[in-house]
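Peer 1: Using the sequences plus the hints, can you model the full thing?
Now for the letters of each chain:
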Amino acid sequence: MIAIEAIKFNHDSNSAASDALNIRKNASQFISVPEWRRFVSVNPEDSRAAYAVAPTKGKTLTIAVSLSSTDPALTFIEVRVRKHVKARPVSFINGQTGFVFFELIDPLKHASIGVRDVEWHWEFRRGPHRQWRHFTITRHRIYTVLDVPTGPWNQGPYNAANTQLPWTDVLDYACHWADGATSTDMAGALVTQSVYALGPSVITYDCPGGGSSHYSAGNFACTAFLDRLHGGLGNGIYVNCSDCATIVSTFANLLGCDLWQSRMGWGFALNQMLGIGSNVWQTCCGWSGFSYHEVAWEDACTANDDVFDACLQVDGDSDPTAAPHVALLPQDLRFGNPGNLLYRDRLATPAGRATCNPQPGTRTRRVVV
Amino acid sequence: MEPGQKKHLEERFKAREWYGRSQYGLRASIKGFALTGSELPGWKIQRTERDESAKPRVTHSLWSRNEAATEILSVDFWECSSVRAADDQVLDVLANMQSADIERRTGTNAPGDVAFGLNDTMVLFARANLVVLLRNAGPKVVMVGAIATRVDAVLIQRLKTIRK
Chain A
0 MIAIEAIKFN
10 HDSNSAASDA
20 LNIRKNASQF
30 ISVPEWRRFV
40 SVNPEDSRAA
50 YAVAPTKGKT
60 LTIAVSLSST
70 DPALTFIEVR
80 VRKHVKARPV
90 SFINGQTGFV
100 FFELIDPLKH
110 ASIGVRDVEW
120 HWEFRRGPHR
130 QWRHFTITRH
140 RIYTVLDVPT
150 GPWNQGPYNA
160 ANTQLPWTDV
170 LDYACHWADG
180 ATSTDMAGAL
190 VTQSVYALGP
200 SVITYDCPGG
210 GSSHYSAGNF
220 ACTAFLDRLH
230 GGLGNGIYVN
240 CSDCATIVST
250 FANLLGCDLW
260 QSRMGWGFAL
270 NQMLGIGSNV
280 WQTCCGWSGF
290 SYHEVAWEDA
300 CTANDDVFDA
310 CLQVDGDSDP
320 TAAPHVALLP
330 QDLRFGNPGN
340 LLYRDRLATP
350 AGRATCNPQP
360 GTRTRRVVV
Chain B
0 MEPGQKKHLE
10 ERFKAREWYG
20 RSQYGLRASI
30 KGFALTGSEL
40 PGWKIQRTER
50 DESAKPRVTH
60 SLWSRNEAAT
70 EILSVDFWEC
80 SSVRAADDQV
90 LDVLANMQSA
100 DIERRTGTNA
110 PGDVAFGLND
120 TMVLFARANL
130 VVLLRNAGPK
140 VVMVGAIATR
150 VDAVLIQRLK
160 TIRK
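Residue numbers (numbering that gives the first Met the number 0), protein chains in the order written: chain A, 0 to 368; chain B, 0 to 163.
Errors might be hidden in some of the hints.
Unchecked claim - Only some residues are given here: those of chain A computed to face chain B with a beta carbon under 8 Å:
id, residue
1, 100
2, 207
3, 209
4, 210
5, 230
6, 231
7, 232
8, 264
9, 287
10, 291
It is worth saying that the hints were derived from the structure and are not from the lab. Backbone N, C-alpha and C fix where the C-beta goes; we use that ideal spot for every residue, glycine too.
Peer 2: Structure, rendered in structure tokens:
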């Protein structure tokens with residue numbers, strides 16, 4: 000009897016070019032390697048691996064597989080998974096192969112974000128002209144992101160104490176939200192749309208609390224936010240702009256985007272808008288203005304850089320200061336200067352634009368906890 | 000906090016009028032404050048988390064009042080090193096509130112040494128070295144003014160006990 004004993008997807012923790020990324024499940028659970036183990040891994044979610052498109056482009060991706068045989072006469076076979084794992088010969092010594100490298104067949108052929116559960120049907124043959132014979136099935140959950148995740152996520156040090164390794168609990172949502180995205184701008188936009196669409200049932204703008212931070216005061220309470228996404232209490236239903244900016248940038252950066260959380264201010268009057276969870280055009284919660292506002296922002300977070308704002312929809316027509324309104328969710332929209340009819344003009348009144356200035360000194364990426 | 004935002008908040012909330020002052024003196028201090036669950040009659044603690052690594056130390060708590068858990072209250076306590084540090088923390092909390100309509104509460108019923116609020120659905124106050132933020136976390140909005148007064152009474156009792 001031939002069996003797969005273990006499979007390592009992330010067999011080189013110092014590189015993302017020829018194998019999977021360093022990942023963990025969430026703040027408390029580490030994913031150890033080998034990711035797939037005989038008798039332990041049954042369902043796809045028991046064996047997770049994430050690949051980044053950019054660093055693996057043009058490279059051969061490999062996995063390390065350990066096989067065993069109970070047939071003492073069997074010393075040499077070929078092994079493969081049709082369409083997934085390239086065939087190669089392996090030798091048994093005392094019934095074990097140790098870890099041997101197999102090449103994956105075009106694993107990232109779509110070069111787009113996604114998460115898919117795969118079922119690999121392993122086959123072997125005793126020689127080049129013999130029939131291939133099925134011997135086992137392994138199941139895996141494979142995440143594909145566009146590039147190596149950026150901050151707050153990191154790739155090292157690779158150990159259980161590093162809570163900033165990419166979380167698969169976040170990848171489960173982020174890859175679904177940005178499914179099929181082939182560029183970072185597209186991924187950021189899809190994440191922004193998905194976060195805004197969580198209102199009003201999952202999260203809604205914090206009118207009763209004065210627009211206070213429930214998930215992002217200090218660190219990003221990502222565990223609590225995931226609990227909220229799963230239908231739990233989390234930190235409650237309310238969010239503000241900092242929460243939305245943090246959620247968007249953190250989830251998008253896990254997919255290879257390069258966004259920041261950054262503020263504008265201080266103290267400015269607002270045009271009418273649709274806050275997250277609301278279908279009423281008004282200045283946010285009917286207030287006279289914002290003390291500050293925060294968005295997911297590209298590059299240096301200046302007037303010349305683009306923003307993604309899942310907290311509110313602005314008026315996207317030629318006159319954002321008056322009805323009628325055309326709802327526009329700011330996605331990859333230049334912040335701009337007064338009179339440009341870009342993000343700043345759509346958010347702030349003509350009088351408020353002068354004090355609605357980018358504050359790049361506030362640029363940050365909150366740690367996930 | 001970004002210096003420009005701090006300056007904006009100090010001017011907007013007239014920090015000179017209240018910064019570094021406490022009814023119980025600048026040395027008034029409550030150490031090791033911990034929730035027992037009895038602070039808010041009629042409310043049940045759903046979750047409490049004390050972050051010892053945060054500076055200042057903070058306790059986050061969520062309370063519910065009805066079976067359907069539609070009325071949920073978020074109560075945060077920061078334990079600061081001094082009255083002045085507590086007032087700095089008040090500004091830090093205000094720096095994460097977007098509304099331009101938040102106002103200082105100065106009436107006789109206002110809790111704490113200094114208090115801020117919006118309508119009666121959010122209250123932030125400092126009492127001695129402690130900062131307390133009460134706000135809604137559930138879909139059914141509840142009034143928090145009376146609850147803030149109740150929490151403040153608990154803190155005042157602690158301060159009086161310490162003085163004895």
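Peer 1: Looking at the structure, which of the earlier hints fail to hold?
Peer 2: 1, 5, 6
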